[in-house]
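Single-letter residue listing:
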Amino acid sequence: MMMAAASQPTTSATTDVLPYTIVIGLEVHVQLLTRTKLFCGCSTAFGAAPNTQTCPVCLGLPGSLPVMNHEAFILAVRAAKALSCRIAEFTKWDRKHYFYPDLPKGYQISQFDLPFSSDGKLLVCDSKGRFAPRTVGIVRVHLEEDAGKSIHDESTGCADSRIDLNRTGVPLMEIVTQPDLRSPQEARAWLNELKLLLVYLKVSDCNMQEGSLRVDANINLHIPLPDGRIAKTPIVEIKNVNSFRSVERALLYEASRQWDEFNHTHAEIGSSPKQTRGWDDPAGVTRAQRHKEESSDYRYFPEPDLVPVTVSETELSLMTSAQGETPALLRSRLESQWSISAYDADVLVNQGIAFVGYFERLATILSDGKSASNWMQQDVMRMLNENTVAIESFPVRAEGLAALIAQVSSGAFDTSRARDIFSEMVKTGRSAAEVAASMGIADVGDDELMSLCRELVACNPKIVADVKGGKEQAAAGLLGQAKKKNPNVNPGKVRQLCLELIRAM
Amino acid sequence: MAITRSDVAKVASLARLELSNVELDTMTRDLQGIVGFISSLDELDTSGVEPLAHPLGTQNVFREDIPTDSLSLSEALQSAPRHDGKYFLVPAVLGETGSA
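Each protein sequence line maps, in turn, to chains A and B.
Mapping of the first sequence onto numbering that gives the first Met the number 0: position 109 corresponds to residue 108, and the numbering continues sequentially without gaps.
Mapping of the second sequence onto numbering that gives the first Met the number 0: position 14 corresponds to residue 13, and the numbering continues sequentially without gaps.
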């Protein structure tokens, strides 16, 4: 898709120090989570041996006819609806013609003038407040088929390119934004939010390594001139960006490149055709590719082999009824239901739906959102990272962790002991009580604790004098001794008890 | 609408067709004839008519998302001019991709 020319007001620069406003729009291709391709029953499973998932339809053999995958259409509508798009009552598909060896039919079945959805938006907020909340308009979302994969092996000096057509015909949703983003950082954050939304809705796995999500970024600069006019640099489309981090880096590079170029050439939008540049990640630069063809050069015409699709209000509500909570709604619900901060809700939601499920089970058992949130963010996340395990296969269930936290609250263990126990629970899969027993950690009885404290107070007249003299912090000297005598004692309790004894003296 | 020689040359290049000067002349004449014939439709007033998206009245033809058997590798490759038993082989394509 061609991007609409950047036409946003230029008053909202995110950074005051730059002598220009960066204007960014994105085109995102997302593979839908279907079992089969868009127009035939071939599997979409990733990683199969080359050319083992093809049939006459996706090979473009004569006489074959495409039939639309209902699930692909439903998933695409669900995503568009969550992006606040208007769903068209009537939509059709078109042939987009270009020649490339991984496109066996010589055209891609896509949507041109009547996409199934348009006019949406998606808000991105930064919980760290690095930029103001930004609503990004969505021009359109449409449904099209993917092309195959070309492998160019330059190292062998081989004269051939190899073609794998397994991916040909896989359902893709193309999302085109308005040029509403104002910094590379915003672009990266917005992509993260989009990905989170699509994963929550189970529309796509958004796995960039497997090509399930691909990003092209359009960027130009709006430069205020001394005469009050605003110069717009020619729009560049950046392709071949393989991670959100690379999107940010490529955009940063491209912004400064365009600024340098403008200072040399003073070239403005319209003086040359839209340029495509490829991102060279190791080199950290963008390089010029061909000039983008005009959209009419794709010679679009209606796809005669597919009939149009109409969507009634009833069908629309059926399609979107199974839709889960969006990340934005989930954040605000967690915030109010569990009395946690917006920042905490953001961290939890960004970890994914299964992580949030674990948190909510834990919070429910503990009847304490704040404590559950703290444990999830500190200890559970640390354990997941250290053991490179997903929350779905985490060996400690919410019930088990809740039992441990309850014992911390009751004073049976202090937090650092509890952390040791938790590590061991994760390692062995055993309960808090079992681990505590095997580590020789036992709850110290009240009588035992009292006699220990009496002994400490009796043996440390200097500390006692200091405390009586008003230096309560001197009591800290007693805690180390207490730990030496019995490593199971709770330092908080020891401190409290000793202070009471000293006051009573 | 007049079809010019350069229109035909542009369409030919988009379709990756190489036309000789003689062929360009013939094609321009033929296409002009065809377009002229069709343009008699322009005499009709279609201002109140919905554009036709498809000649069939049918809509909403779907299939369920159920996998079916694919071709075997050898079947898939058998009609290709060249292959290496795993991949289709084509003359080296360098650099940029087509589109998506």
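Among the clues, some could well be false.
To be verified - Subject to a maximum C-alpha distance of 30 angstroms in a straight line, what follows is the list of computed DSSO-like cross-link-like pairs (lysine-lysine):
hint, chain 1, residue 1, chain 2, residue 2
1, A, K369, A, K484
2, A, K482, A, K470
3, A, K369, A, K467
4, A, K231, A, K104
5, A, K483, B, K9
6, A, K470, A, K483
7, B, K85, A, K104
8, B, K85, A, K231
9, A, K273, B, K9
10, A, K148, B, K85
11, B, K85, A, K483
12, A, K483, A, K461
13, A, K426, A, K470
14, A, K148, A, K231
15, B, K85, A, K238
16, A, K273, A, K231
17, A, K426, A, K492
18, A, K482, A, K467
19, A, K467, A, K426
20, A, K104, A, K127
21, A, K461, A, K426
Treat the hints as calculated values from the structure; they're not laboratory data.
Q. Taking each numbered hint in turn, which are not upheld by the structure, reported in ascending numerical order?
A. When the structure is compared with the hints, numbers 1, 3, 4, 5, 8, 11, 13, 14, 19, 20, 21 turn out to be violated.
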